[in-house]
Amino acid sequence: SQKIEQNSEALNIQEGKTATLTCNYTNYSPAYLQWYRQDPGRGPVFLLLIRENEKEKRKERLKVTFDTTLKQSLFHITASQPADSATYLCALENTESGYSTLTFGKGTMLLVSP
Amino acid sequence: NAGVMQNPRHLVRRRGQEARLRCSPMKGHSHVYWYRQLPEEGLKFMVYLQKENIIDESGMPKERFSAEFPKEGPSILRIQQVVRGDSAAYFCASSPNSGDSAFFGQGTRLTVV
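The listed protein sequences correspond, in order, to chains W and Y. Mapping of the first sequence onto the working numbering: residues 143 to 256, in sequence order. Mapping of the second sequence onto the working numbering: residues 43 to 155, in sequence order.
Rather than coming from a laboratory, the hints here were simulated on the basis of the structure. All values reported here derive from a predicted model rather than from experimental measurement. Among these hints, one or two may not hold up.
Stated by the list, open to error - Straight-line Cα separation of at most 30 Å, DSSO-like style, residue types lysine-lysine; simulated pairs:
#, chain 1, residue 1, chain 2, residue 2
1, W, K145, W, K199
2, W, K199, W, K213
3, Y, K104, W, K199
4, Y, K104, Y, K86
5, W, K197, W, K213
6, W, K159, W, K199
7, W, K197, W, K248
8, Y, K69, Y, K86
9, W, K197, W, K145
10, Y, K113, W, K145
11, Y, K113, Y, K86
12, Y, K69, Y, K93
13, Y, K104, W, K248
14, W, K205, Y, K86
15, W, K248, W, K199
16, W, K197, W, K159
17, Y, K69, W, K201
18, Y, K86, W, K201
19, Y, K69, W, K199
20, Y, K86, W, K145
21, W, K145, W, K201
22, W, K197, Y, K86
23, W, K205, W, K248
24, Y, K113, Y, K93
25, Y, K104, Y, K93
26, W, K248, W, K201
27, Y, K113, Y, K69
28, W, K159, W, K205
29, W, K248, Y, K86
30, W, K145, W, K213
31, W, K213, Y, K86
32, W, K213, W, K201
What the hints assert, rightly or not - To be clear about the criterion: a stretch of chain W counts as covered by chain Y if any three or more of its residues have a C-beta under 8 Å from a C-beta of chain Y, and this derived list gives those stretches:
#, region
33, 153 to 167
34, 186 to 196
Using N, Cα and C, we set each Cβ at its ideal position, and we do this for glycine too.
All chains should be modelled from the sequences, with the hints used to inform the complete structure.
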């Protein structure tokens with residue numbers, strides 16, 4: 143069966159360090175993968191999209207890698223700040239129904255302490 | 043350019059009543075998606091619509107739930123005869139094209155009492 147796995151345990155790191163979040167998937171062949179940020183009581187906010195032919199994508203302090211052989215994406219936040227504390231969601235393209243929609247992982251909570 | 047607008051933000055319904063959730067996509071976006079999120083759960087895809095058409099409703103329960111996106115006006119997610127298990131946050135997202143990044147609204151939190 144199809145699965146998207148993100149670490150369910152919160153990731154606690156100190157301000158200034160690099161946070162690395164993992165997204166593993168099985169039985170998907172996504173053409174792209176996306177990362178979103180969600181704060182409590184708010185809707186998800188799009189951060190980055192990476193396509194299957196791209197190994198790495200960067201945006202300011204954010205970096206995403208996509209390894210279609212390992213079926214894994216890593217999401218890095220460098221020089222982390224307390225304001226980066228949130229839940230980060232990985233989303234894959236799902237074409238099982240014949241149409242392109244997004245399937246989300248459950249997310250990993252990141253806590254950055256000063 | 044206003045973002046995706048959902049209303050109401052909070053909705054309380056008694057068991058057996060109907061819930062109507064509205065979503066106005068971003069200007070220029072013709073693709074609308076509805077998701078449901080339960081506490082400690084991920085976002086679950088429900089339905090994908092384009093103007094006047096349901097494209098994919100594979101994630102929506104067959105009974106009591108329906109969705110529409112008319113030519114004029116917002117997209118509506120309707121839940122008839124609500125039950126306690128329908129209590130959740132319902133998010134709407136829009137995109138200009140299929141496969142693009144999705145812009146989410148702030149959600150409607152439905153509580154069934």
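Each hint tested on the structure:
About 23 Å separates the Cα atoms of W/K145 and W/K199, which keeps this hinted pair within 30 Å; it holds. Between W/K199 and W/K213 the alpha-carbon distance is near 16 Å, which keeps this suggested pair within the 30 Å criterion. In summary, the hint linking Y/K104 to W/K199 is not supported, as the alpha carbons are separated by about 39 Å, beyond the 30 Å threshold. The suggested pairing of Y/K104 with Y/K86 holds, with an alpha-carbon distance near 15 Å, which does not exceed 30 Å.
Our distance criterion of 30 Å between C-alpha atoms is met by W/K197 and W/K213, whose separation comes to about 12 Å. Between W/K159 and W/K199 the alpha-carbon distance is near 20 Å, which keeps this suggested pair within the 30 Å criterion. Between W/K197 and W/K248 the CA atoms are separated by roughly 23 Å; this keeps the pair inside 30 Å, and the hint holds. The straight-line distance between the Cα atoms of Y/K69 and Y/K86 is roughly 25 Å, inside the 30 Å bound, and the hint therefore holds.
Using a Cα cut-off of 30 Å, the hinted pair W/K197 and W/K145 holds, with the two alpha carbons roughly 21 Å apart. A distance of roughly 36 Å separates the Cα atoms of Y/K113 and W/K145; the hinted pair therefore is violated under the 30 Å criterion. Note on Y/K113 and Y/K86: the hinted pairing holds, with a Cα-Cα distance of about 26 Å set against a maximum of 30 Å. Simply put, Y/K69 and Y/K93 have alpha-carbon atoms about 13 Å apart, close enough for the 30 Å limit, and the pair holds.
With a C-alpha separation of about 24 Å, the suggested pair Y/K104 and W/K248 falls inside the 30 Å cut-off, and the hint holds. Among the hinted pairs, W/K205 with Y/K86 is consistent with the structure: their alpha-carbon atoms are about 26 Å apart, no more than 30 Å. Between W/K248 and W/K199, the direct Cα distance comes to roughly 22 Å. Compliance with the 30 Å bound is thereby established for this hinted pair. A distance of roughly 23 Å separates the Cα atoms of W/K197 and W/K159; the hinted pair therefore holds under the 30 Å criterion.
Pair hint Y/K69 plus W/K201 holds up; C-alpha atoms about 25 Å apart against a cutoff of 30 Å. A hinted pair counts as satisfied when its Cα atoms are at most 30 Å apart, and Y/K86 with W/K201 qualifies at roughly 27 Å. A distance of roughly 28 Å separates the Cα atoms of Y/K69 and W/K199; the hinted pair therefore holds under the 30 Å criterion. Only pairs whose Cα atoms come within 30 Å are accepted, and Y/K86 paired with W/K145 is accepted, the gap being roughly 13 Å.
Distance restraint check for W/K145 and W/K201: the Cα-Cα separation of roughly 27 Å lies within the 30 Å cut-off, and the hinted pair is therefore satisfied. Restraint check: the Cα-Cα separation between W/K197 and Y/K86 comes to about 27 Å, which is no more than 30 Å; the hinted pair holds. Between W/K205 and W/K248, the direct Cα distance comes to roughly 20 Å. Compliance with the 30 Å bound is thereby established for this hinted pair. Distance hint between Y/K113 and Y/K93 is fulfilled; the C-alpha atoms sit about 6 Å from each other, no more than 30 Å.
Restraint check for Y/K104 and Y/K93: the C-alpha separation of about 21 Å stays at or below 30 Å, so the hint holds. Straight-line distance between C-alpha atoms of W/K248 and W/K201 comes to about 23 Å, which keeps the hinted pair within the 30 Å bound. For a cut-off of 30 Å, the pair hint linking Y/K113 to Y/K69 stands: about 14 Å separates their Cα positions. For the suggested pair W/K159 and W/K205, the alpha carbons sit about 14 Å apart, so the restraint of at most 30 Å is met.
At roughly 9 Å between alpha-carbon atoms, W/K248 and Y/K86 fall within 30 Å of each other, so this suggested pair holds. Only pairs whose Cα atoms come within 30 Å are accepted, and W/K145 paired with W/K213 is accepted, the gap being roughly 11 Å. With a CA separation close to 21 Å, the supplied pair W/K213 and Y/K86 stays within the 30 Å bound. For the suggested pair W/K213 and W/K201, the alpha carbons sit about 22 Å apart, so the restraint of at most 30 Å is met.
Evaluation of the coverage hint for the region 153 to 167 of chain W: breached, as 0 residues show C-beta separations to chain Y shorter than 8 Å, against a requirement of three. Using a Cβ-Cβ cut-off of 8 Å, 4 residues of the region 186 to 196 of chain W lie near chain Y, which meets the minimum of three, so the contact claim holds.
Checked against the numbered hints given earlier, this structure breaks hints 3, 10 and 33; the rest are met.
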